[in-house]
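The sequence shown begins at 12 in my numbering and counts up by one.
Everything labelled a hint here was simulated from the structure, so no lab data went into it. Bear in mind that the values here come from a model prediction, so they are computed numbers and not experimental data. Keep in mind that the hints are not guaranteed to be accurate.
Claimed, not checked - Per label pair, the in silico range of CB-to-CB distance:
{"hint": "1", "residue 1": "Pro-111", "residue 2": "Thr-190", "range": "32 to 38 Å"}
{"hint": "2", "residue 1": "Leu-29", "residue 2": "Ser-76", "range": "39 to 45 Å"}
{"hint": "3", "residue 1": "Val-144", "residue 2": "Lys-112", "range": "42 to 48 Å"}
{"hint": "4", "residue 1": "Pro-111", "residue 2": "Glu-198", "range": "16 to 22 Å"}
{"hint": "5", "residue 1": "Glu-69", "residue 2": "Ser-15", "range": "53 to 59 Å"}
We put the CB at the ideal spot given by N, CA and C, even for glycine.
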Amino acid sequence: MIESPSTRRAILAVLVLLVVACLGAVVLIVLTRSTGDGLGERLSSLQDDAVPGASVSENREQLLSISRTFATRFNTYDESMLDAEGHLTEYAEVEDLMTPKFGGVFADNVGYAEETVSQLGVASKGTVYAVGVVSQDEDSAAVLVAGTIELSYPVPDEGGGDGEESEENPPADGERLSTGPQRFRYELSLVKVDGNWLVDDVDDIDDGLPPFSQPSIPETEPGETPPTNLPTTPPSDAPSTESTESTESTESTEGGEQ
């Protein structure tokens with residue numbers, strides 16, 4: 012099919028308009044999204060993605076990612092993480108996400124979690140549901156993290172409710188008791204060290220206690236177990252206060268009657 016001169020002119024006009032539109036878009040991007048004094052610097056900034064707001068957005072994504080990862084790993088450990096010497100070596104690797112100062116505090120407290128896991132079989136599972144940046148500048152930030160912690164431990168090897176001995180009615184293999192998901196809200200303090208965001212402190216904003224790196228109560232006496240903010244709640248087989256008081260009251264009454 013032979014095109015007429017008028018048709019060719021029309022097509023050429025459309026192509027010219029498209030080229031002009033593309034050039035206009037390029038100029039607009041260079042003027043509005045690039046930085047630098049000369050054309051070369053502006054084009055270079057676009058090539059390197061060094062555009063206004065890009066670094067802020069990237070930092071925000073890094074903050075959200077490390078905060079989510081930290082809160083999950085900080086609240087997750089079990090017997091499978093114990094090494095031959097009874098240490099939570101794999102769990103302790105979360106220290107890589109902390110500043111040296113905060114990592115030192117964590118290292119001083121991780122032994123309490125190791126004791127509950129190795130001696131009582133306690134396991135903890137952390138799940139993060141929401142993360143948000145509260146404040147941020149060039150080298151520090153605060154991030155809120157919300158989620159749940161679920162603690163569990165093996166069912167005690169006791170007799171059944173019908174009075175049978177434990178040997179005749181043992182718990183099923185792998186059966187565990189659970190606290191159920193318990194909600195938490197953390198405010199993480201982060202600082203930038205050598206270009207990387209690291210957690211510098213953790214504050215559970217619902218427990219009424221100071222941040223993790225600060226002592227919650229005065230130092231304990233020799234022989235007492237120091238407090239820890241690590242998410243550990245070992246089971247207790249001790250009778251309740253109510254039962255004890257009731258027994259003592261009954262014994263006292265019987266003694267009076269005699």
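Violated hints - listed by number, lowest first: Hint 3 alone not satisfied by this model.
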